[in-house]
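Fit chain B to the known structure of chain A by using the hints.
Here is how the chains run, residue by residue.
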Amino acid sequence: MLRIPCPWCGPRDESEFRYRGDASVVRPAAQAATADFIDYVYQRDNPRGWHCEWWLHTGGCRQLLRVERHTLTDEIRTVTAARDLTP
Amino acid sequence: MSVKSLRVGPGLLGDPARPLRFTFDGRRYTGIAGDTLAAALLANGVRLTGRSFKYHRPRGIHGAVAAEPCALVDVSGPLGREPNVPATALPLYEGLTAHSQNRWPALRFDVGRVNDALARFLPAGFYYKTFMAPAWAWERLYEPLIRRAAGLGRLQAANHAHGTPGETVHDHADVLVVGAGAAGLAAAAALGATGLKVLLAEQDDVAGGGTLLQPGWAAWRRGMLRQLEDLPTLTLLTRTAVVGAYGQGVYAVLQDLRPAGSAGAGPRERLWIIRARRVVLATGAAERLIAFPCNDRPGCMLAGAAHSYLRRHGVRVGTRIVLFTNNDEAYGSALALSEAGAQCQVIDPRPQSVAGARAQARGIEVRNATQVIDTAGGARLRQVRVHTGTRRAILAADTLLVSGGYTPNTGLAAQLGAAPQWRDDIAGFACDLPEHIGRCAGASRGLSGLAAAAADGERAAGELLVSLGVSPAARPPLAAPPADPPATPLQPLWEVPDRGGGRKSFVDLQNDVTAADIRLACREGYEHIEHAKRYTTLGMATDQGHSGGLVGAAILAQARGVPLAQVGVSRPRPYSRPVPFAALAGAEVGAHFKPRRRVALHDWHQRAGATFVNTGLWLRPLVYGPGGWDPVLEEARRVRRAVGLTDVSTLGKIDVQGPDAARFLDFIYANTLSTLPVGRCRYGLMLREDGMLFDDGTVARLGEGRFLLTTTTANAAAVLEHMEFHLQAACHGMRLVLSDVADQWAQFALAGPLARQVLAAVAGDMDVSNSALPFMAAAATRLAGVAGRLFRISFSGELAYEIAVPAHEAVPVWEALLQAGQPHGIRPYGLDALNTLRIEKGHVTTAELNGNTHPADLGLGRLVKKNGDFIGRALLQRPGLQDDRRLQLVGLRPVAADARLRNGSQLVRAGAPADSEGFITSSTPSTELPGWVGLGLLQAGHARRAERLLAVSPIHGESTPVEVVSPHFIDPENQRVRA
Numbered sequence: 001m002l003r004i005p006c007p008w009c010g011p012r013d014e015s016e017f018r019y020r021g022d023a024s025v026v027r028p029a030a031q032a033a034t035a036d037f038i039d040y041v042y043q044r045d046n047p048r049g050w051h052c053e054w055w056l057h058t059g060g061c062r063q064l065l066r067v068e069r070h071t072l073t074d075e076i077r078t079v080t081a082a083r084d085l086t087p
Numbered sequence: 001m002s003v004k005s006l007r008v009g010p011g012l013l014g015d016p017a018r019p020l021r022f023t024f025d026g027r028r029y030t031g032i033a034g035d036t037l038a039a040a041l042l043a044n045g046v047r048l049t050g051r052s053f054k055y056h057r058p059r060g061i062h063g064a065v066a067a068e069p070c071a072l073v074d075v076s077g078p079l080g081r082e083p084n085v086p087a088t089a090l091p092l093y094e095g096l097t098a099h100s101q102n103r104w105p106a107l108r109f110d111v112g113r114v115n116d117a118l119a120r121f122l123p124a125g126f127y128y129k130t131f132m133a134p135a136w137a138w139e140r141l142y143e144p145l146i147r148r149a150a151g152l153g154r155l156q157a158a159n160h161a162h163g164t165p166g167e168t169v170h171d172h173a174d175v176l177v178v179g180a181g182a183a184g185l186a187a188a189a190a191l192g193a194t195g196l197k198v199l200l201a202e203q204d205d206v207a208g209g210g211t212l213l214q215p216g217w218a219a220w221r222r223g224m225l226r227q228l229e230d231l232p233t234l235t236l237l238t239r240t241a242v243v244g245a246y247g248q249g250v251y252a253v254l255q256d257l258r259p260a261g262s263a264g265a266g267p268r269e270r271l272w273i274i275r276a277r278r279v280v281l282a283t284g285a286a287e288r289l290i291a292f293p294c295n296d297r298p299g300c301m302l303a304g305a306a307h308s309y310l311r312r313h314g315v316r317v318g319t320r321i322v323l324f325t326n327n328d329e330a331y332g333s334a335l336a337l338s339e340a341g342a343q344c345q346v347i348d349p350r351p352q353s354v355a356g357a358r359a360q361a362r363g364i365e366v367r368n369a370t371q372v373i374d375t376a377g378g379a380r381l382r383q384v385r386v387h388t389g390t391r392r393a394i395l396a397a398d399t400l401l402v403s404g405g406y407t408p409n410t411g412l413a414a415q416l417g418a419a420p421q422w423r424d425d426i427a428g429f430a431c432d433l434p435e436h437i438g439r440c441a442g443a444s445r446g447l448s449g450l451a452a453a454a455a456d457g458e459r460a461a462g463e464l465l466v467s468l469g470v471s472p473a474a475r476p477p478l479a480a481p482p483a484d485p486p487a488t489p490l491q492p493l494w495e496v497p498d499r500g501g502g503r504k505s506f507v508d509l510q511n512d513v514t515a516a517d518i519r520l521a522c523r524e525g526y527e528h529i530e531h532a533k534r535y536t537t538l539g540m541a542t543d544q545g546h547s548g549g550l551v552g553a554a555i556l557a558q559a560r561g562v563p564l565a566q567v568g569v570s571r572p573r574p575y576s577r578p579v580p581f582a583a584l585a586g587a588e589v590g591a592h593f594k595p596r597r598r599v600a601l602h603d604w605h606q607r608a609g610a611t612f613v614n615t616g617l618w619l620r621p622l623v624y625g626p627g628g629w630d631p632v633l634e635e636a637r638r639v640r641r642a643v644g645l646t647d648v649s650t651l652g653k654i655d656v657q658g659p660d661a662a663r664f665l666d667f668i669y670a671n672t673l674s675t676l677p678v679g680r681c682r683y684g685l686m687l688r689e690d691g692m693l694f695d696d697g698t699v700a701r702l703g704e705g706r707f708l709l710t711t712t713t714a715n716a717a718a719v720l721e722h723m724e725f726h727l728q729a730a731c732h733g734m735r736l737v738l739s740d741v742a743d744q745w746a747q748f749a750l751a752g753p754l755a756r757q758v759l760a761a762v763a764g765d766m767d768v769s770n771s772a773l774p775f776m777a778a779a780a781t782r783l784a785g786v787a788g789r790l791f792r793i794s795f796s797g798e799l800a801y802e803i804a805v806p807a808h809e810a811v812p813v814w815e816a817l818l819q820a821g822q823p824h825g826i827r828p829y830g831l832d833a834l835n836t837l838r839i840e841k842g843h844v845t846t847a848e849l850n851g852n853t854h855p856a857d858l859g860l861g862r863l864v865k866k867n868g869d870f871i872g873r874a875l876l877q878r879p880g881l882q883d884d885r886r887l888q889l890v891g892l893r894p895v896a897a898d899a900r901l902r903n904g905s906q907l908v909r910a911g912a913p914a915d916s917e918g919f920i921t922s923s924t925p926s927t928e929l930p931g932w933v934g935l936g937l938l939q940a941g942h943a944r945r946a947e948r949l950l951a952v953s954p955i956h957g958e959s960t961p962v963e964v965v966s967p968h969f970i971d972p973e974n975q976r977v978r979a
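Protein chains in written order, with this note's numbering: chain A, 1 to 87; chain B, 1 to 979.
Quick caveat, the hints were computed from the structure, so don't treat them as lab data.
Every value quoted in this text rests on a predicted model; they were computed, and no experiment measured them.
Incorrect hints may have been included.
Heads up, simulated EDC-like pairs for lysine to aspartate or glutamate below, C-alpha to C-alpha not over 20 Å straight-line [as the list claims (entries may be wrong)]: (1) Lys-504/B - Asp-116/B; (2) Lys-594/B - Asp-13/A; (3) Lys-197/B - Asp-174/B; (4) Lys-594/B - Glu-14/A.
Chain A on its own, in the form it takes in the complex (with noise of 0.2 Å):
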């Protein structure tokens, strides 16, 4: 089980989160093509290594926070509030 440093909560179990997918990809703005979308909605990167992730604590404060996590070791490197991260 992971052990989610929240920059509220402090470090919490990762069953008190809900994982919302790759934190890298971007929702295509309201004019962009169709096909951006399909990539956006099923095409996904597997990493072996680093990689961004969206996790909310549902079960905590309920914020949306952006997690660097190693796919093979899951070592935390940075959490950031996803209200914090410039668009």
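Chain B only, in chain A's frame:
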């Protein structure tokens, strides 16, 4: 051989004053308190304890730890029967009743033994190759045959007698120390002295590890345990195995709670979920076997196991003993057994050794440059055949001890991602952990010798203290332990080749995997250790290849012609030993399997005689009374003809507030909500980004920047999550907050043509007329003196109001409504009636919002906005989703008025009964039409009005002619809701 001659003393753990009677395969024996079942059987001269998995060869006790490959028994007790219990880790108790496994009809005469004679037809991969054709034979012939023959032990169906669930405990530690041998004790003492919270877990019944076998270490061990007892922040748990390491400092730890010396009542296991800042893995090393022909005969045993039975239980495992070892450490067992009166000889493949010289000085015969090439003696070892250069000799023996060296127990380290590194000096793989996780220490790190391990434990503690930023603390001095004796390095020896041919050399005794099987796997292309493992089942048994896994890898390396370092070992995963499901389940069984949510009116519903149904975690009234269609239709007709009241509190409710709330909801919903006037409601559709329907509900605008929306009961949590995610991930800068208010509000639907009269009676001076409170109006209100909200929305298709009041005031308002409705014949109605009403109205629920339907499929396409972005917009436009052959919502009625419909029935044409064109999603007897009505999804259904089809349910043997109709069975003009 008399029993007395094998018990030479009480050992460290035995209490000769407390004899314990037990039976094995129906025969009575006596052991003493402190024995394991294996120790007691050995003390009684019992050698044969079971038959092997595949070849049904006779097997005896091979080791002395829980990872036992051979001596697995079936234990019967007052609480039921439990198979595959390692006799080596089962504390003896009075009246213990155990049986051998995998034999039929009897242990000494076993029919399956014929498999051994047929062995050349049963190689690795035998099943895959043999049971190929014809196809029909698999189901009818092969599978039943294999199932009868396969498996070790027989599982008993759900053992209700257990009754006492396992326990789950969560705890934190600064450092988890795994293993209380020399290294673990030293590390724990040094860490605990600083005041750090230390958990020391030892799977053995007693702490001490390898020091328990060395009388010279007793004073050190006792002193150390006294020190640990005085440390207030240290907890030592024995009979406690760390079974999983999950990263981020989370460990699964299984504690056996059965008191030694009793059959045990109360919880059997406690599962600890430990979160630790650092870990010390002082897990020791496992003695490994050597593959040589007939190395599985009862009487063949690991050298360390024999040493353990002697020191711990005072049991001398044999009288004429041959030790086959390639290392100095194993000589300790021969020296100890010789002192205990056994006649010992040592077979050592090395030309000479320090330990060999020591043994010879004590009068033990040592044959150097010699190997064991075979054993003889049927189900009881009688002879060991050895080979020196060109000469052969036959040695009479009742016991053959084997030691092929020591393999560090790196399973937990590997689970933490550590890469095993090959070490020539120990001929094994060892691991190191990164500093932020912890440290391996002692034999598990590839060190030899107890003194070296103890010193390494101290060092490990020191390093962890540095990484934790804690200063070391002074400790009272301990008696100096003996120094490790000088030793000659081991000479790797994995296999002694079969010179005679046709005899089996086992590498995995539990799964009957031989050296030849490994070579066969390699020849057939399964060269990778993970492939070879799965093809041969090497290391896949309950002992996880404890004693033979590395031997198998070494034989694979030889077959491939590459160094063992290059082959590696298969990757271990949790759990490192068998874990009972009951321990994992803990208290979350039966009614406690998942949380149960009760509505505010639960007690009222119960008193009213409701039959409850689980919807998600909720308990909802299904019908008031015992159930059946008659009371359901009675409740529903009451709504159609007069008035009814139902509890819809389980709907999700989300309060959305902020200046950008309207803009956000336009993005979340497929229809437009920003145009909704204050004081009005609108039906809303939510899509997933792929264009499919996600959820539906109503949205009420309570103020310019304030909306209250409802979700379906099933999706309440998912919708909130969906909205939070998109708000924070995709709607930067929008000013609004979401609040889950589902539990704060109770909500009732008051429905029926007389609903307004009932409402007026409790609404005080509020004007509830159609003009003041039209269809889809939303308003604040006071009902029966309670401040609440009123929504004129309808799921039933009748004139209806949904009334929301604070949950803690639900009962008085509910009762006031029923009171006010009494003159009009009001009755509460349950979920079944609600469902009947909505099906007749053609309203959809989860059955139709099944994840594969989009708005137009359900006839809701006109609600989807044409302008502006929203979730699902782009992919909803994909051509495939516009195809008019898609499954579309239709109404269905049986052609014969007395025929019933069934959810899940497939819709087919009369001429093509195997080609499904759709299916029934919802069905009910109608309140107004004769017979049943249903909703279904049908290919191109919107264009097939009046077509006749068959609704078939092959498993019920039904084929019902149905007619495709409009899904709006009652009031298609929507007059009633506006009345």
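A quick look at each hint next to the structure:
This hinted pair checks out: Lys-504/B and Asp-116/B have alpha carbons roughly 10 Å apart, not beyond 20 Å. For a cut-off of 20 Å, the pair hint linking Lys-594/B to Asp-13/A stands: about 19 Å separates their Cα positions. Distance hint between Lys-197/B and Asp-174/B is fulfilled; the C-alpha atoms sit about 5 Å from each other, no more than 20 Å. At roughly 18 Å between alpha-carbon atoms, Lys-594/B and Glu-14/A fall within 20 Å of each other, so this suggested pair holds.
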